[in-house]
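Asker: So the chains spell out like this:
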Amino acid sequence: MNKESVRIKKIKLFGDRVLEFARIYYRNKYGLAGLIILTFFIFLALFAPFIAPYTPSDTFLAEPFSPPSSKFLLGTDELGRDIFSLLIYGTWTSMTVGVLASLLTVIIGTFVGIYAGYYGGIVQSILMRLTDFFLILPALPLMIVLAAILGPSIWNIIFVISIVSWPVTARVIMSQTLSVKESSYVEASKALGAGDTYIIFRHILPNVTPLIFAYVILNIAGAILAEAGLSFLGLGDPSHISWGMMLYYADQFGALVAGIWWYILPPGLAISLLVLSFMMIGYALDEIINPRIRRR
Amino acid sequence: MGLREFVFKRLIDGAILFFMTVTLNFFLFRVMPGDPTAFLIENPKFTAETRKALLKLFGLDKPLWEQYLIYIKNSFTFNFGISFQYLAPVRDLIFSVRLLNTLALMIPATLLATILGVIVGTVAAWRRGSKFDSTSTFVSLVFYSTPVYWIGLLVMLVFAYYLGILPFRGSITPGIKYENVFQFAADYLWHLTGPLLTLTLVNFGGYLLIMRSNLLDVFSQDYIVAARAKGLSERTILFSYGMRNAILPIVTLTGLNMAFSISGAVLTETVFSWYGMGRLIYEAVNQRDYPLLEGIFFLLALMVIIANIITDIIYAYLDPRIKY
Amino acid sequence: MSILEVNNLRVYYDTMRGEVKAVDGVSFKLEKGEIFSIVGESGCGKTTTSNTIMRILPPEAVIKSGSITFDGINLLEIPEKEMKKIRWKRIAMVFQNAMNALNPVKNVGSQIVDAITTHLNIPEAEAWRKVKELFELVGLDPSRLKDYPHEFSGGMRQRVFIAMALSCDPEILIADEPTTGLDVIVQRNILNLLRDLRKKLGLSIILITHDLAAVAQVSDKIAIMYAGKIVEYGNIYDIFTRPRHPYTYLLIKSFPKIGSKKERLVTIKGSPPSLINPPKGCRFHPRCPYAIEKCRIEEPPLVNINNKGLVACHLYDQLNLVI
Amino acid sequence: MEILRVENIKKWFPVRTGILSSILFGEKQFIKAVDGVSFTIDEGEVFCLVGESGCGKTTLARLIARLIEPTDGRIYYKGRDIVQMKKKEFRPLRREIQIIFQNPYEALDPRMRIYDILMEPIKLHKKHFEGDPDERIRTVMRDVKLNPDEYLWKFPHELSGGERQRVSIARSLMLYPKLLLADEPASMLDASVRSSILNLLTDLREEYNLTLLYITHDLAQAWYLCERIAVMYLGVIVELGKTDDVINSPLHPYTKALISNIPIPDPRRKTEAIEIKGEVPSPINVPPGCRFHPRCPYFMEGKCDKETPKYLDVGDGHIVACHLYE
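Residue numbers (my numbering), protein chains in the order written: chain A, 122 to 417; chain B, 27 to 350; chain C, 8 to 330; chain D, 237 to 562.
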């Protein structure tokens with residue numbers, strides 16, 4: 122068998138594994154529903170200008186707070202903007218912040234987790250102490266303080282969310298790293314003269330990848346909620362309309378006491394659905410990765 | 027290691043965390059971009075004397091390390107200067123009825139959510155695979171995914187706007203004169219219902235999911251099989267063998283979740299205009315009132331640290347295996 | 008007189024990958040006052056057999072057929088309420104891993120008291136007195152009644168569990184791998200304890216183990232299980248001197264025997280089969296060096312050999328297997 | 237010729253208490269896993285370390301493979317002290333000293349296929365590997381009696397315990413080792429599979445000219461495989477000698493007890509076991525004097541609990557550490 126045929130064989134086997142995973146995933150009720158909802162939102166985010174009837178800058182000042190009609194599917198806001206269109210444009214903000222913040226979170230968490238778990242000793246003690254500290258700090262107040270100091274911009278929000286949420290991932294990755302590090306196959310590798318870099322990339326990373334994957338998904342859900350929360354408190358980036366910001370304005374302009382439900386319901390529902398889709402995907406992945414929950 | 031040693035260790039841990047919090051606070055407001063004097067002193071509303079006094083209080087003319095030492099001293103006495111907005115010492119603003127209001131909301135909400143989550147989670151695990159199980163799991167996922175302030179808005183929309191049985195906002199009816207304590211209590215509780223309901227709904231899902239999965243885990247353990255083999259009644263198995271073990275992680279979780287539920291409380295208080303710390307932090311942010319922000323953040327962090335120490339000690343008391 | 012009789016027991020598990028035929032037609036008799044050992048490799052169905060007798064199978068297990076007769080009652084037919092009166096009161100069990108089988112957050116004494124007060128109508132104070140006696144019986148220090156499981160060493164935990172099993176004066180004791188994971192010396196102590204208790208209390212004991220060598224010293228009768236079936240059954244001396252089944256023979260020969268002549272160990276090729284799709288015919292045939300065409304097609308029945316024991320092999324009277 | 241010499245090797249693991257409490261609560265505690273062990277192994281020999289759980293035998297193997305650094309002592313491989321050697325210097329020797337582990341379910345990376353697992357040694361020593369890697373993998377697979385075509389592309393979880401252990405033996409053989417450290421390779425396997433692993437090791441020893449350090453808790457296995465036996469108890473060797481000497485005329489009370497307690501699969505030979513009370517104490521609080529004295533039936537007060545017994549050579553390299561023979 123030559124090198125080329127080994128590679129072909131490996132690609133084929135990898136394909137089989139992916140198919141097998143897709144088959145198991147497809148059978149999971151939650152996973153499938155989550156994926157369908159998510160696909161729908163991704164579609165909205167990517168093709169917003171083509172789907173939305175108006176843009177966020179189209180203001181119909183003569184028609185503020187108009188109820189849903191054929192002209193404005195979900196009515197208008199205080200400036201007479203089409204809520205339906207705002208909703209569609211807001212998808213992009215939520216998705217971008219969610220995905221980027223989650224990636225940053227997991228990158229920090231994975232780095233800290235593997236480093237602390239693998240090298241142990243004083244490094245581990247210090248990093249873990251730091252992780253514990255960030256873990257118990259009240260997240261939202263910290264985010265509020267940071268966001269208030271740094272000022273409103275989408276990048277600051279992403280940074281603030283990641284800086285506050287990495288410890289959970291770091292903890293989980295660390296404990297997994299610890300158990301992989303103690304395993305005989307890593308010992309065997311060391312006995313063959315493998316260095317730390319080799320072991321981290323060949324053994325530890327592949328074995329924590331499923332976890333990393335699951336945490337990226339779960340963190341996206343958390344980041345979307347966090348972004349919406351900050352925006353709701355008026356700390357959002359005014360140049361990017363988001364669902365949390367819509368609720369902020371709705372609250373500021375007295376939508377509640379006026380009973381303008383079409384301004385309150387849609388943004389919240391959108392946040393819930395998008396977050397729920399990620400939660401369901403995460404839940405499904407957990408069930409697939411963690412066989413203990415599966416029936417024997 | 028005995029319980030006393032354990033408690034001692036936890037107290038030391040708490041002290042370390044306290045110093046880390048102080049340090050973080052110091053760096054956030056001193057080293058972050060911008061001039062600290064602008065953050066803390068440069069308020070057109072302050073008189074020249076006030077500015078001078080504050081400059082001395084913070085030691086802003088001294089080198090950074092000296093400022094840090096002064097800061098630690100000030101933290102012990104909650105001396106964070108003067109609020110831009112209220113022109114009153116931060117200490118007086120945070121140690122006020124607002125703190126009591128926040129505790130009055132948070133403690134019952136956390137307890138209710140825990141109890142509800144534990145009970146429903148137990149039933150779900152006990153009747154694994156039933157309709158009840160799948161429904162409750164799904165409902166908790168939904169609540170987990172829903173922003174707390176939106177639920178607050180919905181609660182008000184339904185109960186205040188449409189049904190008119192709850193007040194819109196605030197913690198008491200403004201301008202009212204109470205004839206006796208009971209009248210006050212009734213009014214207070216009436217206002218508390220909305221935020222309490224909201225916070226409980228949002229938090230209980232997490233407890234439910236964790237209790238359920240803990241209990242399922244415990245049910246698969248050998249000692250449950252052994253308890254069955256011993257012929258113990260289902261009640262004894264569930265309570266004395268199952269829940270007793272499954273509830274342990276919940277205790278830790280409650281401590282950890284303090285940080286989380288404070289976040290929820292901030293948003294809930296904001297939505298309901300509840301006269302508490304959360305609402306105060308919102309106002310401080312909107313007014314860029316940095317001294318106040320600093321004080322509140324410090325207090326909230328401290329509350330979480332203390333809650334953590336207490337839950338750790340309770341945990342150690344409940345679990346005989348504890349040996350750190 | 009036999010005290011327990013298992014007849015043609017078949018227990019399958021429903022799993023995602025298919026039906027696992029864990030126990031597939033097992034029959035044996037336990038005589039009063041004897042130590043009867045069931046020996047087999049992991050996954051051969053021996054634990055399922057004992058859990059079926061106790062009726063503590065997980066929900067995915069399905070009893071396909073068979074009867075378990077104890078004192079004239081078929082344990083598989085009586086309602087759960089009746090079974091509760093028999094379980095632990097008359098048939099008790101020692102679990103494989105005492106650490107996992109003891110509740111970690113309850114002191115060991117009260118776990119035993121739980122068992123006593125459930126079955127015997129006596130006040131709690133008296134139950135505690137009884138626990139103290141039990142502790143002395145199994146060689147544990149009664150001052151440690153209120154200690155938690157994690158404070159005991161492996162061997163002592165096993166003793167705690169034996170005390171718990173004896174707490175309601177059962178007639179039958181099932182010990183499922185009571186010595187697995189223990190050190191050799193402790194292992195021997197526990198087995199000797201069981202042997203002494205049998206004499207002292209007139210117990211009948213079913214000993215379930217994977218360790219053929221360990222039971223040779225303490226059992227009266229022995230059943231060898233392979234892939235969900237009993238392949239040979241008989242008196243301990245007969246089995247160890249003149250086994251009839253090739254599996255038994257090879258198994259005994261595969262142990263290095265200290266003190267005898269050093270000769271190359273006998274090995275058995277391959278590994279135990281999957282119980283989802285067990286081999287047709289005799290389940291041992293793919294690994295059997297003596298297998299003939301018939302073994303591949305026809306399942307051998309369990310036949311009686313001169314009232315000395317039972318064997319399930321087509322060639323039992325042709326092979327001359329002597330240890 | 238001597239291939240390995242271990243001299244007074246020690247490994248103390250600090251008990252994890254944290255920096256703070258060690259300052260606050262005084263003295264640091266240690267798990268004295270290996271506490272002064274010396275022996276030599278000749279080239280081509282099969283040497284056995286026997287002892288119960290927690291006696292330090294696994295730690296000793298990991299020390300020799302240099303997976304952990306000793307607290308004290310020397311290890312000479314072919315006359316060169318490998319403890320003092322720099323990591324880089326030792327690396328080429330790693331091809332010669334290989335180790336196999338007890339738990340076959342943990343010894344293979346669950347995310348790698350058998351092919352990649354066997355490829356790993358070659359990858360790590362690319363420069364020193366000659367020939368066709370694929371050919372080598374197939375040869376070694378056949379050496380451990382596994383069919384390459386059937387197994388190469390499987391994942392470890394698709395294999396039985398015995399098959400996995402064969403794969404991990406194969407991995408250790410990839411680079412033609414000289415000294416193989418086998419840490420209870422057969423103890424977690426079923427009886428019907430165990431003997432085939434023992435026989436496989438015996439055969440491979442011939443084919444590969446191996447020196448074998450075999451670690452086990454089972455004296456019967458030690459007796460079957462080895463030329464010399466060292467009996468360990470709580471971090472030290474209590475008796476060492478030719479297999480037949482140790483098994484047939486044991487000297488140390490612990491060895492005697494161990495031998496008399498071995499279960500023999502033959503009911504005709506009722507052995508009377510020497511009753512030993514209690515269990516092995518924790519290696520954190522090692523008993524003073526002779527470590528076995530709290531459990532010893534021949535305990536002499538004032539002597540055994542005070543003085544550490546010296547090693548005594550009773551002839552033909554049969555060494556014992558017991559006050560009874562002084």
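These aren't lab readings, by the way, just hints derived from the structure by calculation. Please note that the accuracy of each hint is not assured.
[Said to hold, decoys possible] A few chain B residues that face chain C, going by a derived Cβ cut-off under 7 Å, partial list only:
{"hint": "1", "residue": "Lys35"}
{"hint": "2", "residue": "Lys99"}
{"hint": "3", "residue": "Phe245"}
{"hint": "4", "residue": "Val251"}
{"hint": "5", "residue": "Ala255"}
{"hint": "6", "residue": "Glu260"}
{"hint": "7", "residue": "Arg261"}
{"hint": "8", "residue": "Tyr267"}
{"hint": "9", "residue": "Asn271"}
{"hint": "10", "residue": "Pro275"}
[Claimed, not checked] No more than 30 Å apart at the CA atoms, straight line, and that leaves these computed lysine-lysine pairs for DSBU-like:
{"hint": "11", "chain 1": "C", "residue 1": "Lys268", "chain 2": "C", "residue 2": "Lys287"}
{"hint": "12", "chain 1": "D", "residue 1": "Lys492", "chain 2": "A", "residue 2": "Lys124"}
{"hint": "13", "chain 1": "A", "residue 1": "Lys133", "chain 2": "D", "residue 2": "Lys546"}
{"hint": "14", "chain 1": "D", "residue 1": "Lys492", "chain 2": "C", "residue 2": "Lys268"}
{"hint": "15", "chain 1": "D", "residue 1": "Lys322", "chain 2": "D", "residue 2": "Lys381"}
{"hint": "16", "chain 1": "C", "residue 1": "Lys36", "chain 2": "C", "residue 2": "Lys315"}
{"hint": "17", "chain 1": "D", "residue 1": "Lys492", "chain 2": "D", "residue 2": "Lys314"}
{"hint": "18", "chain 1": "D", "residue 1": "Lys513", "chain 2": "A", "residue 2": "Lys124"}
{"hint": "19", "chain 1": "D", "residue 1": "Lys513", "chain 2": "C", "residue 2": "Lys137"}
{"hint": "20", "chain 1": "C", "residue 1": "Lys113", "chain 2": "C", "residue 2": "Lys36"}
[Unchecked claim] Over 12 Å on every C-beta distance to chain A, these chain D residues come out as not near it, computed from the model:
{"hint": "21", "residue": "Gln334"}
{"hint": "22", "residue": "Glu342"}
{"hint": "23", "residue": "Pro413"}
Glycine is no exception: its CB is placed at the ideal position from the N, C-alpha and C atoms.
Asker: So, for every hint listed, does it hold in this structure?
Answerer: Cross-check of the supplied hints:
1. Contact between lysine 35 of chain B and chain C, as hinted, is not supported at the beta carbon level, the nearest pair being about 19 Å apart and thus beyond 7 Å.
2. About 44 Å separates the beta-carbon of lysine 99 of chain B from the nearest beta-carbon of chain C, more than 7 Å, and the hint is not met.
3. Residue-level restraint check for phenylalanine 245 of chain B is violated (minimum Cβ-Cβ distance to chain C is 10 Å; threshold 7 Å).
4. With a cut of 7 Å, the hint placing valine 251 of chain B at the interface with chain C holds, because the nearest CB-to-CB distance is about 6 Å.
5. Taking 7 Å as the C-beta contact cut-off toward chain C, the hint placing alanine 255 of chain B at the interface holds, the least distance being around 5 Å.
6. Hint status for glutamate 260 of chain B relative to chain C: violated, with the closest Cβ pair at about 10 Å, above 7 Å.
7. Given hint, arginine 261 of chain B at the interface with chain C, is violated; its Cβ is 11 Å from that chain's nearest Cβ, farther than 7 Å.
8. Because the closest C-beta pair between tyrosine 267 of chain B and chain C is about 5 Å apart, less than 7 Å, the hint holds.
9. Using the Cβ-Cβ criterion of 7 Å, the hint placing asparagine 271 of chain B at the interface with chain C is satisfied: the shortest such distance is roughly 6 Å.
10. The restraint placing proline 275 of chain B at the interface with chain C is violated, with a minimum CB-CB distance near 12 Å, outside the 7 Å limit.
11. Restraint check: the Cα-Cα separation between lysine 268 of chain C and lysine 287 of chain C comes to about 38 Å, which exceeds 30 Å; the hinted pair is violated.
12. At most 30 Å may separate the alpha-carbon atoms for a hinted pair to count; lysine 492 of chain D and lysine 124 of chain A exceed this at roughly 57 Å.
13. Among the hinted pairs, lysine 133 of chain A with lysine 546 of chain D is inconsistent with the structure: their alpha-carbon atoms are about 64 Å apart, more than 30 Å.
14. Pair hint lysine 492 of chain D plus lysine 268 of chain C holds up; C-alpha atoms about 20 Å apart against a cutoff of 30 Å.
15. Between lysine 322 of chain D and lysine 381 of chain D, the direct Cα distance comes to roughly 37 Å. Violation of the 30 Å bound is thereby established for this hinted pair.
16. Only pairs whose Cα atoms come within 30 Å are accepted, and lysine 36 of chain C paired with lysine 315 of chain C is accepted, the gap being roughly 13 Å.
17. Our distance criterion of 30 Å between C-alpha atoms is broken by lysine 492 of chain D and lysine 314 of chain D, whose separation comes to about 34 Å.
18. Distance restraint check for lysine 513 of chain D and lysine 124 of chain A: the Cα-Cα separation of roughly 61 Å exceeds the 30 Å cut-off, and the hinted pair is therefore not satisfied.
19. Using a Cα cut-off of 30 Å, the hinted pair lysine 513 of chain D and lysine 137 of chain C holds, with the two alpha carbons roughly 25 Å apart.
20. Between lysine 113 of chain C and lysine 36 of chain C the CA atoms are separated by roughly 37 Å; this puts the pair beyond 30 Å, and the hint is violated.
21. A beta-carbon of chain A is positioned within 12 Å of the beta-carbon of glutamine 334 of chain D; the least distance is around 6 Å.
22. A Cβ of chain A approaches the Cβ of glutamate 342 of chain D within 12 Å, the least distance being about 5 Å, so the stated non-interface status is violated.
23. Consistency note on proline 413 of chain D: stated as away from chain A, yet its beta-carbon is not over 12 Å from all of that chain's, at 10 Å minimum.
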